[in-house]
Every structure is written in C-alpha cells, then in structure tokens.
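Take these sequences, add in the hints, and give me the full structure.
Protein chains in written order, with our numbering: chain A, 1 to 426; chain B, 1 to 426.
Just to be clear, a hint being listed does not mean it is correct.
Below are the SDA-like pairs computed for lysine to any residue, each with C-alpha atoms no more than 25 Å apart in a straight line [said to hold, decoys possible]:
| # | chain 1 | residue 1 | chain 2 | residue 2 |
| --- | --- | --- | --- | --- |
| 1 | A | K223 | B | P77 |
| 2 | B | K201 | B | G252 |
| 3 | B | K223 | B | E276 |
| 4 | B | K269 | A | E313 |
| 5 | A | K328 | A | G365 |
| 6 | B | K162 | A | L22 |
| 7 | B | K223 | A | T14 |
Please keep in mind that the hints were generated in silico from the structure rather than gathered at the bench.
There are 2 protein chains.
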Amino acid sequence: MPTTPCAEAICVGTELLLGDILNSNAQFLARQLAELGIPHFFQTVVGDNRDRLREAISTAAARSNLLIFTGGLGPTPDDLTVETIAAAFNAPLIEQPDAVADIERKLAQRGRPMTASNRKQALIPQGATLLPNPIGTAPGIIWEPRPGVTILTFPGVPSEMKAMWRETAVPYLRDRGWSQGTIYSRTLRFWGIGESTLAEKVAAFLDHQNPTVAPYAGRGEVKLRISARAATEADAIAAIEPVERQLRHLGGRDYYGCDRDTLATVVGKLLSDRRETVAAAESCTAGGLGAMFTEVPGSSRYFLGGVMSYSNESKVTLLGVLPETLEKFGAVSAETACEMAQGARDRLGSDWGLSITGIAGPGGGTADKPIGLVYVGLAGPDGRVESQQFRFGSQRERDWIRAVSACTALDVLRRRLLDERDRDRP
Amino acid sequence: MPTTPCAEAICVGTELLLGDILNSNAQFLARQLAELGIPHFFQTVVGDNRDRLREAISTAAARSNLLIFTGGLGPTPDDLTVETIAAAFNAPLIEQPDAVADIERKLAQRGRPMTASNRKQALIPQGATLLPNPIGTAPGIIWEPRPGVTILTFPGVPSEMKAMWRETAVPYLRDRGWSQGTIYSRTLRFWGIGESTLAEKVAAFLDHQNPTVAPYAGRGEVKLRISARAATEADAIAAIEPVERQLRHLGGRDYYGCDRDTLATVVGKLLSDRRETVAAAESCTAGGLGAMFTEVPGSSRYFLGGVMSYSNESKVTLLGVLPETLEKFGAVSAETACEMAQGARDRLGSDWGLSITGIAGPGGGTADKPIGLVYVGLAGPDGRVESQQFRFGSQRERDWIRAVSACTALDVLRRRLLDERDRDRP
Numbered sequence: 001m002p003t004t005p006c007a008e009a010i011c012v013g014t015e016l017l018l019g020d021i022l023n024s025n026a027q028f029l030a031r032q033l034a035e036l037g038i039p040h041f042f043q044t045v046v047g048d049n050r051d052r053l054r055e056a057i058s059t060a061a062a063r064s065n066l067l068i069f070t071g072g073l074g075p076t077p078d079d080l081t082v083e084t085i086a087a088a089f090n091a092p093l094i095e096q097p098d099a100v101a102d103i104e105r106k107l108a109q110r111g112r113p114m115t116a117s118n119r120k121q122a123l124i125p126q127g128a129t130l131l132p133n134p135i136g137t138a139p140g141i142i143w144e145p146r147p148g149v150t151i152l153t154f155p156g157v158p159s160e161m162k163a164m165w166r167e168t169a170v171p172y173l174r175d176r177g178w179s180q181g182t183i184y185s186r187t188l189r190f191w192g193i194g195e196s197t198l199a200e201k202v203a204a205f206l207d208h209q210n211p212t213v214a215p216y217a218g219r220g221e222v223k224l225r226i227s228a229r230a231a232t233e234a235d236a237i238a239a240i241e242p243v244e245r246q247l248r249h250l251g252g253r254d255y256y257g258c259d260r261d262t263l264a265t266v267v268g269k270l271l272s273d274r275r276e277t278v279a280a281a282e283s284c285t286a287g288g289l290g291a292m293f294t295e296v297p298g299s300s301r302y303f304l305g306g307v308m309s310y311s312n313e314s315k316v317t318l319l320g321v322l323p324e325t326l327e328k329f330g331a332v333s334a335e336t337a338c339e340m341a342q343g344a345r346d347r348l349g350s351d352w353g354l355s356i357t358g359i360a361g362p363g364g365g366t367a368d369k370p371i372g373l374v375y376v377g378l379a380g381p382d383g384r385v386e387s388q389q390f391r392f393g394s395q396r397e398r399d400w401i402r403a404v405s406a407c408t409a410l411d412v413l414r415r416r417l418l419d420e421r422d423r424d425r426p
Numbered sequence: 001m002p003t004t005p006c007a008e009a010i011c012v013g014t015e016l017l018l019g020d021i022l023n024s025n026a027q028f029l030a031r032q033l034a035e036l037g038i039p040h041f042f043q044t045v046v047g048d049n050r051d052r053l054r055e056a057i058s059t060a061a062a063r064s065n066l067l068i069f070t071g072g073l074g075p076t077p078d079d080l081t082v083e084t085i086a087a088a089f090n091a092p093l094i095e096q097p098d099a100v101a102d103i104e105r106k107l108a109q110r111g112r113p114m115t116a117s118n119r120k121q122a123l124i125p126q127g128a129t130l131l132p133n134p135i136g137t138a139p140g141i142i143w144e145p146r147p148g149v150t151i152l153t154f155p156g157v158p159s160e161m162k163a164m165w166r167e168t169a170v171p172y173l174r175d176r177g178w179s180q181g182t183i184y185s186r187t188l189r190f191w192g193i194g195e196s197t198l199a200e201k202v203a204a205f206l207d208h209q210n211p212t213v214a215p216y217a218g219r220g221e222v223k224l225r226i227s228a229r230a231a232t233e234a235d236a237i238a239a240i241e242p243v244e245r246q247l248r249h250l251g252g253r254d255y256y257g258c259d260r261d262t263l264a265t266v267v268g269k270l271l272s273d274r275r276e277t278v279a280a281a282e283s284c285t286a287g288g289l290g291a292m293f294t295e296v297p298g299s300s301r302y303f304l305g306g307v308m309s310y311s312n313e314s315k316v317t318l319l320g321v322l323p324e325t326l327e328k329f330g331a332v333s334a335e336t337a338c339e340m341a342q343g344a345r346d347r348l349g350s351d352w353g354l355s356i357t358g359i360a361g362p363g364g365g366t367a368d369k370p371i372g373l374v375y376v377g378l379a380g381p382d383g384r385v386e387s388q389q390f391r392f393g394s395q396r397e398r399d400w401i402r403a404v405s406a407c408t409a410l411d412v413l414r415r416r417l418l419d420e421r422d423r424d425r426p
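Dropping the structure here:
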C-alpha cells in the first residue's frame, strides 16, 4: 500500500457514452470509498475501444494508485477490459481452471452450454488473483502489476459489482491497509435562504481544512456539507459536532434539518409532538403537497387528507371558497388562499389547514400576476388565517415552481409550528 | 471545427466524488452528443480542487477537441471551473458588464442583494463569449482558447444546464459544423408488460444493426429504444419508422406512447379529444395521481381536481363512501375503490372518476391484505363503476408502490378510453 492512497474509478462501456444508462456504479463506488476513507480524486468513463481504454489506463496509472474498473468483463468481443489491462502492463493472459469450472457450473444451473466466449471470461493476467463473482459468470481480478499500482475489476452489472465489492474488495482493502480511518459527512439543510447569502454568513467556515464545509444548492434548498477525516467514525463525529452547532446557530430558522430529514419529515415530527393534524388544499400543485406529506411512513397520524381544487368550481363546492372572492380577487390571491386553507381545516376537521394557489405556467401569467406568483394560506387551531405571497420568478419551469411551492408551504407551517413551540415553552 | 470532432464531458464537483449525487448531467450530455452525431469518447469527473481540475483540463485538451464542463460555476470560493480554465490557457479574467447586469436583475426579482460572490460569476476569460443562463445567475462560456480546442461551460444544476445546452450550445455546434450526421433514437413506451416478456415478443429485432433495438426497464414501465445512424435526421427517421410500426403492432394495447409521452399526456390527449373531464380520489397515493395529471401544461381543460382521502373520515365526508362499506370491506377493497371513484365523479361533476386505495407500506400489511395490494376504481359517463385489483409485491418500497399505483390508475383509464374510442368509430 502506498503512503498516500488515491483511487480512480474507470467505468468502461459505450452505453455510458451514448447516455443509454446512468452511471450509478460510479456513485456507489464513490460512496464506498468515502466510507473507507480512501481519497478518490478522479473518475473516467471510456467506451469499449482498445486504444482509448489503454489511454485511460495510462492516464489513471500516472495519477492514481488504486484503479477500480467496472464493465467490459462480459463474454462478447466488445468486452475488452481485462485483456487491455494485461496488455498495458505487458502481462500474458492465463486461463484459470477454477474460473472455468465456476463459469461452467453457473451456466449449467441456467441450462446453458459453455461456449468459447464464456471461456474467455476465465482469462486473467499472469500474477493476478481472481476476485470471485457470487452471482454472475464474470469474475474480477485483483492485481498489482507494478509496485504502487493496484487494480480491481468488476462487471458493469450493478448487483454483481456491489456483491463483489462488499464480499471481497472491502476486506482486501482493509487488510492491506488502504482504508486508513474514515471520511464522515453530515449535511445541514436550509430553506428560505439563497446559496450566496448563506455562504457569506458562514464564510469563516468555508476555508476550514478538517472538517471541511461546502455549500450546495438544490431545488430551492441550500445545503452545507461538513466532512471530517479521522481514524474512527466517532472521532469524525466529534470533530463535526462543534462546527455543526455553530452553523445551525448561524442558520437560525432557515436551518430545518440534517442528512435524511426532509421538510415533510420535520413538519411531521413537529405535528406529532403536538398531537396536531393538518389538511391540504391545493390548486397549482394539485396533489404535490399531499404526496410530500405522505412520502413519510406513518404520516396518517397527522395528515388527514385534502382537496385538489384545480378548477374554480371545486374551490367553491369542495372548500367553500366564496364565488365573490374568486370574482373580486381571482383564484391566485391572498384572499382565495386564506379561504382555501380555512375550507380544508373545516371540511377535514384538522387543527391546521394549509393551502397553495399560484401560477405554475407555462401559460396563465399576466403582468399583474406573473408565472411564479404563489400564495400559501395557513389556518390554525386558534382560528387565525393568514397568507404569504411568494414570487419564484417567471423564468422558472412549471415542475420547479410546483415542487418549490409545495416545499414552501411545508416551510410556512414549519416556522409557525416552531413559533408555537417556543411560545408554549416556559 | 476540426476534421474529427471528439467531445469530452468534464463534470466538476467534489459531491460527485463523494457519491452524494448521481451524475445525471453526464448522461444528458452523452445522449445529446449522440443525437448530434458528435463522437464522445471520454468523460472525466474531478473535484473542486484547482490542481486536479487543471490536470483534468490538460489531459482532456490533449485527447479531445470539444471540452464540455458542468459544475463549479457557482458564487462560492470552491467554484473554480472558469478561473482554472482561464489559468490553464494563460488568459486573464475579464468582468462582463452584461453578465453583472443580468445577475443583478435576477437577484432583484427574488428580492436578494448583489454580493461580491455573485459578482465573481460575471468573470470570464478574455476572448471568451458568454453562454447565457436563462434561469439561474451563473452564465457559461464558449471559448476557443487555442486552435483545435473549443470549451463550453455549464452550471451543475441540471435544469439550468439543460436549458443552456438546448438554447445556445446546440445551435452553436450545428452552425460551426460540429454535428455531422446524426444518431436519431425513438423510445417506445409500454405499460402492463414485463421486460422479459416484451423482449421475447420482439426478439427478432434485438439483433438488428441499424437501426438497433434495445429494451430498458424503468419503474413499472418497459421501453424499447430504436436508434439509427444516418447522414440526416430525415434518413434516420425513415430507417426507424418501419421498425417502429412493427414493434407497436407487437406491443398491442401495452404500447402507450413514444419519446416524451407519459401516461398522463396520453390520457390527457384522449380526454381532450373526447371533450371529457376527470376527477381523482386518492388514498395511499394522496395527491400523486393529481400531481401526475397536472404535470401536463393545460391539464385544467380535463382535470377538475379531486380529493386526497387519507383518513377514513375524509372518505366518508368528502367522497360519500358509506361507513358500512368501510366497516364491512375495509378501506382497501374493491367496494371502497368504487365508491371513491363514484364520489369523486359526483362531487366534482366530471365525466370520469378515478380512485386509488391500497397498502403502500412499510406498515399496515396483513396476510390477507399484504403491502402492494392496490385497488383502482373507475366511474364512467355511462354510470358504470368498476374496480381492478393489483398486487405489486410486498417486497417493494413505499415510493415504488405509490408511483406505480398512480401510473396504473392512469393506465386503467387509458385502456378504457381506447375501448370507448374504438367503439365509437364507425
């Protein structure tokens, strides 16, 4: 094992370069390497072509010392990974009797004969060790073709690759000392603040070396990822915690949760803690908010249901919005949002009623009420009903506006529930 | 334009190397390059690190002549793509007044101030052209830093990257002669048939060379992708069409659409053609079906709205399901599905009422009514109400069951609308 491990994933397959499949193997390997604490600085994707694969191997061997290949181990003539690796390091290919027997047995199980193409899969470079495949016919290899370069190969089929990685590669890498310590990360999630504003608030942390803090922006959401490298996971967590506390403090109410939390799980927890229930009234999102609430297992404890009032008539008949309100202020207005929220609370008999009405586009925008104008209404247990206006920008796409509107409604309820919680506290 | 175009996608972002996100941008670019007929031989992923990004740039510039960068255009200090590219080709960075104004305008729309970090996004290498970002604040660049090397940069946010690619990069590449010939693909979509069954039905086509036919399986959906390589798109389409006709014929009613069609757009088209309307009643999906219907712009013509009856009470009060029905048959039953569909049709005054009730898990399954058991109810304009039972398998995850349930409800309505259409034809 070299003093500074440095892994590179090399994913082989023309189907990746044609965009036929998503490279989920690269993501899997990336996560696994992070967990093992093995630095991983490059990924390369190359097609089923001997010359270009060879070029990718030289480039990788010059800058990385752990080369992890996926793909190109199949029986067909365009599966070139092992023979090209062997050629790159001037090693002859040797047939492995164990591998031949294993392939023969697996094919027999499926009622298939051994063919010359299958037999090709039993060829490995001289000096390499078999990396057994518990599922498919293609074995991998573990090989140190020259000091300072270690090669592992895996099939492209994700289930086979993952099984081989976990069963053989992880123990091998740990035994050989590749995995020194671990990289542990925690992601803090924020809603209602822009990436650059948050980055400036926490600017002092962005130059930290260990743990590092990095901002990411998603769909309306901003995340700060804290990553620590340490000997053990417990040490890494201990290094993360003081930073996390300070970042959460700086984020204030815009901080809503961490790691696998979502706005829906956080709101669900707040509602459950208060033993309160909610109902939804949705116009432009038409079910998007309800679907978010109920992504969470057990959400039936606090989410009673709601109304998708996509037409004006349904706002009147199912929610009791007054026809005069629709006529005077329009379906996209603070007044309609309030009556929708009130209607959902009344009709469902919930503690809270949460409504959304807006213009998701691409049609329907006017100078007065542009695409991206959204009202969120909230009716509460104390009888108070209020609404907030949001302008998400008329250049946004329909999907984006709908998803961000539903999250924003959850966030409106979240902030209100936090206010209530703080007020109730002695 | 060099005589032999050769593109390389360079995706920049430590989050990719940590496995936090799946590299869907690489797949998008791969497909787009294939459609333009631009050979694409390598993809590189590199982190937010100046030295390694520079190393990736040199490697790419030595083997490829069209370098397409995604990521690292944000306002924060770890966004290094443009400055590192400029440094790699020894060019100074120049602030673009147009870009400053555009960023200022976009931030103002969202009620946010212009910060020094945002201003950084307006710096581009001397000699480069702005590649405008219609959505976000980060512009890209188009730059030929030396003869034989063309560089395009895009933000990592997929919606922004795709909009910029389609609006600016594609016309630019076509104008400059990068796109020679084309690979054109059409994806045929099937619902209600398994991948292996469909593959066996169309086995004779899977060995074709040009066009090629390849099966893919998604969430409950199966696709056949037909790809033809030809001098022009028209030639490729001409090669695809006879194959497409035969595959559609073999697929029968399980074939529902092609390319960007979804079950929701296809059902929407059938309803619009008949000038009929639909309302939804959703239990376990709680808005998922409504959200699918209304993903389609203009869906208010035929989708009136509906009820998310997540609780039993709401099934009674909002849909008129009889308490006796719930007591005798349970909420997940053919009888309840029928009364929900009827209730949605009655309350919303639509031609069709479509309902879903089922057990999405992870809790709530019994031996009698296991996880994955779902009923779809359909009430039609002729007063007929019927339901169908589906068993999606108790090993499936909640998300999968909910998404496939909503699609299945759309498919039930699709088949019925096709029956009606065929019956109405002379």
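Verification of the hints:
| no. | hint | in the structure |
| --- | --- | --- |
| 1 | A:K223 with B:P77 | holds, 15 Å |
| 2 | B:K201 with B:G252 | holds, 11 Å |
| 3 | B:K223 with B:E276 | violated, 29 Å |
| 4 | B:K269 with A:E313 | holds, 23 Å |
| 5 | A:K328 with A:G365 | holds, 18 Å |
| 6 | B:K162 with A:L22 | holds, 16 Å |
| 7 | B:K223 with A:T14 | holds, 19 Å |
Checked against the numbered hints given earlier, the structure breaks only hint 3 and satisfies all the rest.
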